[in-house]
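Q: Residue numbers (full-length UniProt numbering), protein chains in the order written: chain W, 1 to 129; chain G, 1 to 186.
Hints are computed from structural coordinates only; laboratory data are not their basis.
Note that the Cβ used here is the ideal one computed from N, Cα and C, for glycine as well.
Errors might be hidden in some of the hints.
Think about it this way: if two alpha-carbon atoms lie no more than 27 Å apart in a straight line, the pair counts; the simulated DSSO-like pairs of lysine-lysine are [what the hints assert, rightly or not]:
| no. | chain 1 | residue 1 | chain 2 | residue 2 |
| --- | --- | --- | --- | --- |
| 1 | W | 48 | W | 118 |
| 2 | G | 135 | G | 39 |
| 3 | W | 93 | W | 37 |
| 4 | G | 135 | W | 37 |
| 5 | W | 120 | W | 93 |
| 6 | G | 39 | W | 93 |
| 7 | W | 98 | W | 81 |
| 8 | W | 37 | W | 120 |
| 9 | G | 80 | W | 98 |
Facing chain G, according to a computed beta carbon distance under 7 Å, are these residues of chain W, among others [unchecked claim]:
| no. | residue |
| --- | --- |
| 10 | 17 |
| 11 | 18 |
| 12 | 60 |
DEER-style ranges, computed between Cβ atoms [claimed, not checked]:
| no. | chain 1 | residue 1 | chain 2 | residue 2 | range |
| --- | --- | --- | --- | --- | --- |
| 13 | W | 74 | G | 79 | 42 to 50 Å |
| 14 | W | 16 | G | 5 | 27 to 35 Å |
| 15 | W | 77 | G | 79 | 30 to 38 Å |
| 16 | G | 16 | W | 32 | 49 to 57 Å |
| 17 | G | 7 | W | 119 | 30 to 38 Å |
| 18 | G | 17 | W | 77 | 31 to 39 Å |
| 19 | G | 38 | W | 20 | 21 to 29 Å |
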Amino acid sequence: MPAASAIKVMVVDDQTSMRAMIRRTLQDLGFRDVRDKPSAVEALPSVKADRVHLIISDYNMPDMDGLAFLQAVRSDPVIGKTVFIMLTGSSEKSVVQKAAELGVNNYVVKPFAPAALKEKIERVFGELT
Amino acid sequence: MQRIAIVQGQHAIADDPDTIITTLLGSCIAVCLHDAEAKLGGMNHFLLGEPEPQHRVRPEDRHRYGLHAMELLINAMMQKGAARHRLRAHVFGGANVVPAFGKIGTANGEFALRFLGTEGIAIGHCALGGILPRKVEFRPWDGTVHTSTIEERFAPPPRPSAAPQVQMQGSDMPDEYSHGDVELFR
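Excised from the complex, chain W in its bound form (with noise of 0.2 Å):
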């Protein structure tokens, strides 16, 4: 069981009110590393020059969207395995599919309670302490 402190993390999304609540909620379910950015145009590189082990992305985002930026880390040979977990809006299922053809490990349905993004985080890394 892997341990949710040793979990590095980095959470994109364009509204920094829905960000500060995904870190809160990380952070309370134990995971310490917690790195965030507006943008998937500023997350690329970041997470490129840091490796992290989950990125938490939304899909709608304006310059680079989540489908955009789930390609990008796939296509890289370095990052290309990081897990990567979509955020969409209830509607957008053609967005899952899309997600899934281009290798997302999971995706949550906003709003979401902090027990859907555990589990749906638990089903990637498995049951965390």
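The hints should help you fit chain G onto chain W, whose structure is shown.
A: Only chain G this time, still in chain W's reference frame:
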């Protein structure tokens, strides 16, 4: 003139000069966003999460609904050509119309102001709090808004919010936030 009426859990956007978005508010909040350059606007209508006798919603969970409602509206605006840095907001509602619900209207208003402050979205006009329901009419094309308080018997009954939906295209609040009968803002 086309009128788009939205209810709790919905939002609408429009860029047509002949369209008005309307709603009736009790303890709920309506945030009207306008981008003057894109001549585009939108309104949502949300409640953070209504406490029910059988199922109390924790405060932190209520905020998730508000966050989501605001995100849906902002995303819809941006997909139609609005720019986040140009957005200006008018905020209405948050009346404590049902004494049994305590200060839920106040909490809704505080959430809206805190959200807009955190996101750096300028607030134009704000009519929050009090005990009377409000009617809001928003012209998204130029950002003008007309609001009036109405008799309590015409107020929409609050109900719990689930995931907010797109309707169609297109502490105590200080007394100074609570306005009188009829106002016209730009």
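Q: Does the Cβ pair residue 38 of chain G, residue 20 of chain W satisfy 21 to 29 Å?
A: 27 Å, holds
Q: If you draw a straight line from the CA of residue 135 of chain G to the CA of residue 39 of chain G, is it 27 Å or shorter?
A: 23 Å, holds
Q: Would you settle whether the hint for residue 60 of chain W is holds or violated, based on the nearest Cβ-Cβ distance to chain G being less than 7 Å?
A: 5 Å, holds
Q: Given the hinted pair residue 80 of chain G and residue 98 of chain W, is their alpha-carbon gap at most 27 Å?
A: 22 Å, holds
Q: Between residue 120 of chain W and residue 93 of chain W, is the straight-line Cα distance small enough, at 27 Å or below?
A: Cα-Cα ~17 Å, so holds.
Q: Would the stated hint for residue 17 of chain W survive a check requiring a Cβ distance to chain G of less than 7 Å?
A: 5 Å, holds
Q: Please work out if residue 48 of chain W and residue 118 of chain W have their alpha carbons no farther apart than 27 Å.
A: 25 Å, holds
Q: Does the alpha-carbon distance linking residue 135 of chain G and residue 37 of chain W stay inside the 27 Å limit?
A: Violated, because 38 Å separates the two Cα atoms, which is more than 27 Å.
Q: Quickly compare the C-alpha distance for residue 37 of chain W and residue 120 of chain W to 27 Å and report which way the hint goes.
A: 21 Å, holds
Q: Do the Cβ positions of residue 7 of chain G and residue 119 of chain W conform to the proposed distance bound of 30 to 38 Å?
A: 32 Å, holds
Q: Can you let me know if the beta-carbon spacing of residue 17 of chain G and residue 77 of chain W is within 31 to 39 Å?
A: The hint (31 to 39 Å, Cβ to Cβ) is violated, given that residue 17 of chain G and residue 77 of chain W are roughly 52 Å apart.
Q: Take a look at whether the Cβ-Cβ distance between residue 74 of chain W and residue 79 of chain G falls inside 42 to 50 Å.
A: 25 Å, violated
Hint compliance for this structure: hints 4, 6, 13, 18 are not met, and every other hint is.
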